[in-house]
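There are 2 protein chains.
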Amino acid sequence: MVSKNQIKLITSLQHKKYRNEHQLFLAEGVKVIQELLLSNFVLDHLFVTEAIFQNVSDSQKTSIKEQDMNRITALNTPSSCLAIFKMPKETKIETKGLIVALDDIRDPGNLGTIIRLCDWFGVKQLLCSPETVDVYNPKVIQATMGSITRVKISYVDVNEFILQSPLPVFGTFMDGKNVYEEKLPAEGILVLGNEANGISAAVEKSIKNRIAIPRFGDRQQTESLNVATATAIFLSEFRRNSSGK
Amino acid sequence: MVSKNQIKLITSLQHKKYRNEHQLFLAEGVKVIQELLLSNFVLDHLFVTEAIFQNVSDSQKTSIKEQDMNRITALNTPSSCLAIFKMPKETKIETKGLIVALDDIRDPGNLGTIIRLCDWFGVKQLLCSPETVDVYNPKVIQATMGSITRVKISYVDVNEFILQSPLPVFGTFMDGKNVYEEKLPAEGILVLGNEANGISAAVEKSIKNRIAIPRFGDRQQTESLNVATATAIFLSEFRRNSSGK
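Line by line, the protein sequences give chains Z and G. For the first sequence, this note's numbering assigns the number 1 to the initial residue and increments by one for each residue that follows. For the second sequence, this note's numbering assigns the number 1 to the initial residue and increments by one for each residue that follows.
Just so you know, these hints were derived from the structure itself, not from any lab. Incorrect hints may have been included.
Copies of the same chain look alike in the list, so a pair counts if it works inside one copy or between any two.
Stated by the list, open to error - Here are the computed lysine-lysine pairs in the DSS-like style, where the Cα-Cα straight-line distance is at most 25 Å:
#, residue 1, residue 2
1, K139, K208
2, K177, K17
3, K245, K183
4, K245, K177
5, K183, K124
6, K65, K183
7, K89, K183
8, K65, K17
9, K31, K92
10, K86, K208
11, K4, K183
12, K8, K61
13, K208, K96
14, K96, K183
15, K177, K139
If you're wondering where the values come from, they're calculated on a predicted model, not measured in any experiment.
In isolation and in its complexed conformation, chain Z is listed as follows (with noise of 0.2 Å):
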């Protein structure tokens, strides 16, 4: 049974102020709660439609009824679980290797798959501009599939990071010049812009390396490429370029 307490909860931290006040944040489905689980990642409590995750004490888990996952989910199609994690201590930020800097991502879809990209390419460090979507946002969580737990994501000002960094840096502009023809280091900065507007002026001045995904057929009217396919692109160039292929 969950009590009108935990609903009021778990409600509330659908929302960036209240996950902040008490420092959790939700994850639905089996697999983002399984690899939570299995990361450094802090259970607080978990909530069951069946009998799944039976390494869990009783203490920590409530089996519910359906019709109560479906008073707390986030979710259209409610999963069989639902979990309140605590919030990580925020940790040292990498400043080596190849870091992916987001400059104001609004779409939580966006940022869980730009998420699961590092983690695929092997990028530690995630940096967000403040104004980005909130990583413990349940949508982020949903959309990086676990990758959370692998890849370190910190909230900060973008550009100074960028002025006080030896690392080269990178900024993705309709202008800039083809990424197939550039000679891309294995450490460095890569910076991505808002969905609409792009790189802001402020950050763009400190951009040093400006490189562009070319446009091929006739017609070339596509406006430009969804951010996140963006950074699959530029990613696996990155990574291709330093592994010497």
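Add chain G to chain Z, keeping to what the hints say.
Same frame as chain Z, now just chain G:
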């Protein structure tokens, strides 16, 4: 004003059965409708809540109130315009160039993103297995951002097409060869499989070249890339190869 019969027709067009019966489909949002109007697609009727699309004649355009738009929209946040377009007649399939074939893609957002990628990378023909989500699904039309006007999309038996085509066939598999090390041709068929199950066993048998995007990083636990982000990287590799970079 929107009539009861119009409301009935429009809401019926949310479903594939009625789209096929009427040979009509819906488009919402200024950008998508604008691109469709500028293309070979034929407008049936346009509903607007503001004084936009002045070049569309009054016989084909109805001004409606926002509350009426709320009744006919399929979007969570309604736009200022909704249009009914005629489905184009099926034309001959392009059998040359780089062709993308989808074996049972179910997510409308993924299909929309892949159409946008085909447009960017100059892929003129997209083939979809009969089980692939309907391209005239309103969510697909929305996600294409107008690219649907520049990519030919045909529903065919993918295996049959592959077997009778002289083009080399490339399929994406987790255990495929490193795509960065393959010589990719300017003309060929790139096959992508279902979100959960990949390429079907029947189609797999007809594929000679198995390719994959290599994983990077130490832990290598990411299960797979999303099919749309994988398509982005594969199309980028095909075009980079054939542009000699």
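Here is what the structure says about each hint:
1. K139 with K208: Classified as neither; 34 Å inside a copy, 39 Å across copies.
2. K177 with K17: Result: close neither inside a copy nor across copies, 41 Å intra and 47 Å inter.
3. K245 with K183: both (12 Å within a copy, 11 Å between copies)
4. K245 with K177: This pair counts as both: shortest intra-copy Cα distance 20 Å, inter-copy 13 Å.
5. K183 with K124: within (21 Å within a copy, 30 Å between copies)
6. K65 with K183: Cα proximity of K65 and K183: none, with 57 Å in one copy and 55 Å across.
7. K89 with K183: Result: close neither inside a copy nor across copies, 37 Å intra and 46 Å inter.
8. K65 with K17: Intra 29 Å, inter 36 Å, cutoff 25 Å: neither.
9. K31 with K92: For K31 and K92, the Cα distance exceeds 25 Å both inside one copy (28 Å) and across copies (43 Å).
10. K86 with K208: neither (39 Å within a copy, 48 Å between copies)
11. K4 with K183: neither (58 Å within a copy, 61 Å between copies)
12. K8 with K61: Classified as within: same-chain Cα gap 18 Å, cross-chain 47 Å, threshold 25 Å.
13. K208 with K96: within (18 Å within a copy, 41 Å between copies)
14. K96 with K183: within (19 Å within a copy, 33 Å between copies)
15. K177 with K139: neither (34 Å within a copy, 33 Å between copies)
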